[in-house]
Amino acid sequence: MIELKDIHKSFGDVEILKGINAKFETGKVNLVIGSSGHGKSIMMKCMVGLETPTSGSVIYDNRDFTHLEYRQLREVRKEIGMLFQGTALFDSLTVEQNVEFTLKMFTNMTPAERKDRVDFCLEQVDMPGINQKFPSEISGGMKKRVGIARAIALDIKYLFCDEPNSGLDPVTSRLIDELLKSITEEFKITTIINTHDMKTVFDIGDDVIFIYEGNNEWSGKVKDIKTSGNEILTRFIEASQFH
Amino acid sequence: MKKIVGLIFTAEMNFFNQFGKYVLFIMGMFSKPEKLGVYIDRTITEMNNIGIGSLAIVVIIAVFQGAVTTLQIAYQLISPLISKPVIGSIVSDSSMLELAPTITCLVLAGKVGSHIASEIGTMRVSEQIDALEVMGINSSGYLALPKIIAGLIMIPCLVIISIFLSNAGGILAGEASGILTSEEYLQGARASFLPYNLFFALIKAFTYAFIITTVSSFHGYTTRGGALEVGASSTKAVVYSAVAILFSDYLLAQLLL
Ligand SMILES: Nc1ncnc2c1ncn2[C@@H]1O[C@H](COP(=O)(O)OP(=O)(O)OP(=O)(O)O)[C@@H](O)[C@H]1O
Ligand SMILES: [Mg+2]
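Protein chains in written order, with our numbering: chain A, 1 to 243; chain B, 1 to 257.
Hint data in this document are derived by calculation from the structure and do not stem from the laboratory.
Glycine residues also receive a C-beta, built at the ideal position from the N, C-alpha and C atoms.
Treat each hint with caution, since some may be false.
Stated by the list, open to error - Here are the simulated distance ranges between beta carbons: (1) B:Met-1 x A:Ser-55: 39 to 45 Å; (2) A:Thr-52 x B:Glu-98: 43 to 49 Å; (3) A:Pro-170 x B:Phe-19: 49 to 55 Å.
Claimed, not checked - Below 25 Å or equal to it, Euclidean Cα-Cα: the simulated DSS-like pairs (lysine-lysine) are: (4) A:Lys-23 x A:Lys-45; (5) A:Lys-23 x A:Lys-181; (6) A:Lys-115 x B:Lys-21; (7) B:Lys-35 x A:Lys-104; (8) A:Lys-78 x A:Lys-5; (9) A:Lys-104 x A:Lys-157; (10) A:Lys-221 x A:Lys-18; (11) A:Lys-28 x A:Lys-133; (12) A:Lys-115 x A:Lys-133; (13) B:Lys-21 x A:Lys-45; (14) A:Lys-115 x A:Lys-23; (15) A:Lys-78 x B:Lys-3; (16) A:Lys-188 x A:Lys-157; (17) A:Lys-28 x A:Lys-45; (18) A:Lys-104 x B:Lys-21; (19) A:Lys-28 x A:Lys-5; (20) A:Lys-157 x B:Lys-35; (21) B:Lys-35 x A:Lys-78; (22) A:Lys-28 x A:Lys-223; (23) A:Lys-188 x A:Lys-133; (24) A:Lys-133 x A:Lys-23.
Build the full structure now, drawing on both the sequences and the hints.
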């Protein structure tokens, strides 16, 4: 479980996050929704340590991530996988080397064991047999899947995805959604997904938090989202075609 | 007037601010490596990129620079009072002391520096550096340190090759133009050779290698934005490295000669 306690984040005088409190449960697909520019990506960056919150703390199963020493921080980071909006695959490395990367850095596996693990991860994302291709040689949807394979190469406990299906066609989007859902349930990880896509929300979401102007405007179960009684959230959902 | 003072003051503050960040960047690279083997592999790859990758251009520059210097010195010193071996000693000394290390490294600042800055800058703007950080890897150490070590090993080697080849170029030009024979050239070169000069050339080479690799890595690493900014960083890397090389050239000459 990941807990956010009163996270504030400012750039200069501009306060982007204005005190976010939230809980993300293990084994569930937790969705973060909200309009463009309201702070979803910044919140995720604060959670994984790419940005330092101005105040507040991020707690990974009783470990206060924001106030850990370097060594302990690295231990937590090995349990985190992240799929970036632009996938951020290492473009000088092949697909296999990308997926193998954390295994090589952090485990004492033999090359054969690593190869097995890479093949297993690529199979999980339904992309077997593209080991020797470079990221520039595969499509956007394939990159996302390789990105997921890379994120789950180590036995992770937390998976972060920033807009996993932006820029993808509806069919591929659904495939990625299903994939994230099944990985979450199969490996009992805490998954957090930033999205605009209400179809994703209704298809695979368990819990939802709605970010509006840097505040946690509403949070709850997906099934309650249409009957929330929150005006801003209702408007947000009505703006999408699912209501 | 006030405005000008203000501008100079901000420029100065900017410079110290940047310099402070540069020092912090270098200090931040040193942490216990996750896997030593991976770092050694990367260093060897970079040694190949920097060293072997720049060999051709270094060879060409060295030979021509030696040849041209020989012709020019001969042209300037044309007089029956001056013995021909003097030409050899002047060419070999100036190659070793200044031309081979400084010219070679200025060219390497362009070639190696822009490559390092654009490679790391692209990784920054496409979030690959963020990906490394999330994985728990010290990204500056992982990306820049192997390049710096590779530079510190290979650039002095290139400078030594350059010293050697500029003398070869001098001999060739002397023979080809009939100005002086190779025996005369070598006689002059031997007479004026001081081991200290070679030591000085190597000190320069190490200093420049450090400047090129660290300044370029720093500019790449601190890129913000997109493709346009990567181009800008790569230009900045070359300009700042070149200026720093010339500045330290003067400083080293002042201190060590
Ligand atoms: N480094 C930065 N410096 C200053 N402001 C920033 C910085 N990064 C982001 N912002 C601002 O923070 C706000 C929130 O950005 P964020 O990327 O979190 O939005 P988002 O909710 O993820 O939007 P989208 O759905 O479009 O990805 C934006 O208004 C943006 O301008
Ligand atoms: Mg975003």
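So, going through the hints one by one against the coordinates:
Distance hint check for B:Met-1 and A:Ser-55: the Cβ-Cβ separation is about 44 Å, which falls inside the suggested range of 39 to 45 Å. Distance hint for A:Thr-52 and B:Glu-98: a CB-CB separation of about 47 Å, consistent with the stated range 43 to 49 Å. At roughly 52 Å, the beta-carbon separation of A:Pro-170 and B:Phe-19 lies within the given 49 to 55 Å, and the hint holds. Using a Cα cut-off of 25 Å, the hinted pair A:Lys-23 and A:Lys-45 holds, with the two alpha carbons roughly 16 Å apart.
This hinted pair checks out: A:Lys-23 and A:Lys-181 have alpha carbons roughly 18 Å apart, not beyond 25 Å. A threshold of 25 Å between alpha carbons decides the hint, and for A:Lys-115 with B:Lys-21 the separation of about 40 Å lies outside it, so the pair is violated. Distance check on the hinted pair: B:Lys-35 and A:Lys-104 sit about 8 Å apart at the alpha-carbon level, within 25 Å; holds. For a cut-off of 25 Å, the pair hint linking A:Lys-78 to A:Lys-5 stands: about 22 Å separates their Cα positions.
Of the pairs offered as hints, the one joining A:Lys-104 and A:Lys-157 holds, with about 19 Å between alpha carbons and a cut-off of 25 Å not exceeded. Between A:Lys-221 and A:Lys-18, the direct Cα distance comes to roughly 23 Å. Compliance with the 25 Å bound is thereby established for this hinted pair. At roughly 33 Å between alpha-carbon atoms, A:Lys-28 and A:Lys-133 are farther apart than 25 Å, so this suggested pair is violated. For the given pair, A:Lys-115 sits about 15 Å from A:Lys-133 by alpha-carbon distance, which is consistent with the 25 Å threshold.
Of the pairs offered as hints, the one joining B:Lys-21 and A:Lys-45 holds, with about 22 Å between alpha carbons and a cut-off of 25 Å not exceeded. At roughly 36 Å between alpha-carbon atoms, A:Lys-115 and A:Lys-23 are farther apart than 25 Å, so this suggested pair is violated. Pair hint A:Lys-78 plus B:Lys-3 does not hold up; C-alpha atoms about 52 Å apart against a cutoff of 25 Å. Our distance criterion of 25 Å between C-alpha atoms is met by A:Lys-188 and A:Lys-157, whose separation comes to about 7 Å.
The hinted pair formed by A:Lys-28 and A:Lys-45 meets the criterion: a straight-line CA distance of about 20 Å does not exceed 25 Å. Taking the CA atoms of A:Lys-104 and B:Lys-21, the gap is near 31 Å; set against the 25 Å cutoff, the hint is violated. Between the alpha carbons of A:Lys-28 and A:Lys-5 the distance comes to roughly 20 Å, so the proposed pair stays at or under 25 Å and holds. With a C-alpha separation of about 23 Å, the suggested pair A:Lys-157 and B:Lys-35 falls inside the 25 Å cut-off, and the hint holds.
For a cut-off of 25 Å, the pair hint linking B:Lys-35 to A:Lys-78 stands: about 14 Å separates their Cα positions. At roughly 14 Å between alpha-carbon atoms, A:Lys-28 and A:Lys-223 fall within 25 Å of each other, so this suggested pair holds. Only pairs whose Cα atoms come within 25 Å are accepted, and A:Lys-188 paired with A:Lys-133 is rejected, the gap being roughly 30 Å. At most 25 Å may separate the alpha-carbon atoms for a hinted pair to count; A:Lys-133 and A:Lys-23 exceed this at roughly 39 Å.
Violated hints for the displayed structure, listed by number in ascending order: 6, 11, 14, 15, 18, 23, 24.
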